[in-house]
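Q: Respectively, the protein sequence lines represent chains U and S. At position 28 of the first sequence the residue is numbered 28 (the numbering used here), and the sequence of numbers has no breaks. Heads up: take any position in the second sequence, counting from 1, add 1000, and you land on the numbering used here.
The hints are simulated quantities; they were obtained by calculation from the structure and are not laboratory data. Careful: at least some of the hints might be erroneous.
[Claimed, not checked] Taking CB as the label site, the calculated pair distances span: (1) S:F1210 - U:A95: 43 to 49 Å; (2) S:Q1007 - U:R100: 45 to 51 Å; (3) U:S18 - S:K1501: 39 to 45 Å; (4) S:T1466 - U:V42: 54 to 60 Å; (5) U:R100 - S:D1418: 23 to 29 Å; (6) U:R72 - S:G1429: 43 to 49 Å; (7) U:A95 - S:E1233: 16 to 22 Å; (8) S:R1382 - U:L83: 25 to 31 Å; (9) S:L1194 - U:M44: 32 to 38 Å; (10) S:S1374 - U:R13: 24 to 30 Å; (11) S:R1439 - U:L83: 48 to 54 Å; (12) U:S18 - S:V1227: 29 to 35 Å.
[Unchecked claim] Derived coverage of chain S by chain U (criterion: at least 3 residues anywhere in the stretch with Cβ under 8 Å from a Cβ of chain U; other residues may be distant): (13) 1035-1044; (14) 1148-1160; (15) 1205-1213; (16) 1318-1328.
Each residue gets a CB set at the ideal place from its N, CA and C atoms; glycine is no exception.
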Amino acid sequence: MKGKTRSLPVSYRLAVTSRVLAAVLGGYIVAALASVSLSMWVPMARVDAVVTGMMTSFLAYLGAVIWCFACRTALRAWLGLALPSLILAAVVGLAYWMERT
Amino acid sequence: MKEGFRQAMAWLHTWAGLTFGWLLFAIFLTGTLAYFKDETSHWMQPEIPARALSSETSLTVAQHYLEQHAAGASRWLIELPDAREPGLSVRWQQAPAKPGERGQFTEKHLDPQTGAEVQGRETTGGEFFYRFHFQLQMPYPWGRWLSTLAAMVMFVALISGIITHKKIFKDFFTFRPRKGQRSWLDGHNAVGVLVLPFHLMITYSSLVIFMVMVMPASVLVAYKGDVRGFFDEVFPASTVRELSGQPAPLAPLAPLLEKAREQWGGGRAVHLSVNNPGDANASVVLSRDGSDRVVHDFGSAVTFHGVSGELLGTTPQASVPKAVAGSFYGLHMGHFAGPVLRWLYFICGLASTAMIGTGLVIWLGKRQLKHARSMAMPFELRLVEVLNIASMAGLMLAVATFFWANRLLPLGLAGRADWEVNSFFIVWGLSVLHAAVRRGRQAWVEQLALAALLFGGVPLLNALTTPYHLGVTLAQGDWAMAGFDLTCLATGGFFAWAAWKMQRAGKAEHATRNRAQAITLEQEAN
Chain U
1 MKGKTRSLPV
11 SYRLAVTSRV
21 LAAVLGGYIV
31 AALASVSLSM
41 WVPMARVDAV
51 VTGMMTSFLA
61 YLGAVIWCFA
71 CRTALRAWLG
81 LALPSLILAA
91 VVGLAYWMER
101 T
Chain S
1001 MKEGFRQAMA
1011 WLHTWAGLTF
1021 GWLLFAIFLT
1031 GTLAYFKDET
1041 SHWMQPEIPA
1051 RALSSETSLT
1061 VAQHYLEQHA
1071 AGASRWLIEL
1081 PDAREPGLSV
1091 RWQQAPAKPG
1101 ERGQFTEKHL
1111 DPQTGAEVQG
1121 RETTGGEFFY
1131 RFHFQLQMPY
1141 PWGRWLSTLA
1151 AMVMFVALIS
1161 GIITHKKIFK
1171 DFFTFRPRKG
1181 QRSWLDGHNA
1191 VGVLVLPFHL
1201 MITYSSLVIF
1211 MVMVMPASVL
1221 VAYKGDVRGF
1231 FDEVFPASTV
1241 RELSGQPAPL
1251 APLAPLLEKA
1261 REQWGGGRAV
1271 HLSVNNPGDA
1281 NASVVLSRDG
1291 SDRVVHDFGS
1301 AVTFHGVSGE
1311 LLGTTPQASV
1321 PKAVAGSFYG
1331 LHMGHFAGPV
1341 LRWLYFICGL
1351 ASTAMIGTGL
1361 VIWLGKRQLK
1371 HARSMAMPFE
1381 LRLVEVLNIA
1391 SMAGLMLAVA
1401 TFFWANRLLP
1411 LGLAGRADWE
1421 VNSFFIVWGL
1431 SVLHAAVRRG
1441 RQAWVEQLAL
1451 AALLFGGVPL
1461 LNALTTPYHL
1471 GVTLAQGDWA
1481 MAGFDLTCLA
1491 TGGFFAWAAW
1501 KMQRAGKAEH
1511 ATRNRAQAIT
1521 LEQEAN
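Take these sequences, add in the hints, and give me the full structure.
A: So, in structure tokens, the structure goes:
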């Protein structure tokens, strides 16, 4: 990541752009999914669970951003966000399904 | 791999810090000024007198005034004076023309002793810094979104900065003064580590404050898209009783203060609202002042029957998650802070601002070193330099101009409050132009020197344009007013010192550069 300030190849610039997008957008999705799943699984009154989920979501965002810039390639950054997103989405879906049955 | 991780974090810290540094500097500086929002407003409306009076007396005065001038209103709102903001303000809302609409508000400031209307000069006062701090003078909700995004970037920059510093405590005890670039880095580290808890608290709490706006997914899911339902559960508002249509005189309000105090175990009421005054079903809601505890409890209020004065209800104790969210809010706002703690908040805020500023200076300084021998700087470095100067020295100039405009603009000017704000932005814009046409160091020195003059001149300006100069305010013990003047004077002194340092360092640098050039020429000649 410690690129020389001069004559950076286009591929490097694209990789950085890709990481930034993954961090900002992908990180937001991870954080939002984390807040939803937490608010559904924390054993508290509805309003308290929602407040707890929202308050902690920023930690998930932070973790996602750090991952996006710490991993070796831009592709890994996206994959590393896709996996927890899928798990969290499954957890939310499970809670939803349990609520309905 | 471990070293690689640290380097990656250093990269993240550098670039997150640079891209949002200028905006964050402005947000942190205006936010820091907002800790003295009430004092600033008091200074900017010197006509409103400071009087040491009990809340009971002020409330009786307010009730008397409202019964005479706003008997038919659907709601009265009364803000009681306190030590920081001596104004007694009353507002009333007319019954709306159609049900469901919002009735029009009228606001008046009263002398808490005589009950006479006080006409303060038109100004936004300290409220301007407070609003700019999170709305950035942008239309709703864009400013709030941008400032919350900046807060998230700040959070990332803080954590990646901590990871970058492996010797975080050792670095803290290291300060190498007069070593140029090294000193800036040591200062950045010291000010970063010293007030680290404050940086983390203020940044995370700013995210929590706007969490419903920026992270609404869980609310939307849990409440099936009904955000209102969520807010109704968060703020269990006392339901307003229906208008009975039977006229009945309102009970004296002043004794209710004592009754509320009993309910809270000593808490003070600072805000009252009276619903349907003059009706048999009138109700009085007393809200607790935030200044007596850390946890900000939204809508902690007691309600009394307006005619009989009997207690109708209190809001229940907040649950733990709500109390945690409330304490984030309370810690960020610092309403609870007394004079000493308020100054500590102010100093910590300045430290955060300084940390951001030194970071920006370091970014540029490191890269400038490579071009020290050539006279011309690449465009991107020059751009950063101009933005650094305008966002730091230029912003200080704009703040000082805002205060000067408050005293110099004619009192009768139409849109006076807007012109104060305009002059702030005009000067800030001019500082960009000035930084663009002058050489870097000269621009720094000139803008800092001008800021020193403007800030240092504030007490003099105040003495020349109002009767409330330091001799009077210090003798009267009006510390809000006197403190404002003295703080401006000290700020002016600091900028003068900074400008002088810059000037001297510039001369020294010039000499070394000339010598370096001479040596290179010599070598080339050989």
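Q: For each hint, tell me whether it holds in the structure or not.
A: Status of the hints after comparison with the structure:
1. S:F1210 - U:A95: 43 to 49 Å: For F1210 (chain S) and A95 (chain U) the Cβ distance comes to about 26 Å; the hint is violated.
2. S:Q1007 - U:R100: 45 to 51 Å: Since Q1007 (chain S) and R100 (chain U) have Cβ atoms about 49 Å apart, the given range 45 to 51 Å holds.
3. U:S18 - S:K1501: 39 to 45 Å: 43 Å, holds
4. S:T1466 - U:V42: 54 to 60 Å: Given range 54 to 60 Å: holds, Cβ gap about 56 Å.
5. U:R100 - S:D1418: 23 to 29 Å: 55 Å, violated
6. U:R72 - S:G1429: 43 to 49 Å: 44 Å, holds
7. U:A95 - S:E1233: 16 to 22 Å: Because 19 Å falls inside the window, the suggested range holds.
8. S:R1382 - U:L83: 25 to 31 Å: 44 Å Cβ-Cβ, so the 25 to 31 Å window is violated.
9. S:L1194 - U:M44: 32 to 38 Å: 37 Å, holds
10. S:S1374 - U:R13: 24 to 30 Å: 25 Å, holds
11. S:R1439 - U:L83: 48 to 54 Å: The hinted range 48 to 54 Å holds for R1439 (chain S) and L83 (chain U), with Cβ atoms some 52 Å apart.
12. U:S18 - S:V1227: 29 to 35 Å: About 34 Å separates the Cβ atoms of S18 (chain U) and V1227 (chain S), which means 29 to 35 Å holds.
13. 1035-1044: violated (count 0)
14. 1148-1160: holds (count 5)
15. 1205-1213: The restraint on the stretch 1205-1213 of chain S holds, since 4 of its residues have a Cβ under 8 Å from chain U and three suffice.
16. 1318-1328: holds (count 7)
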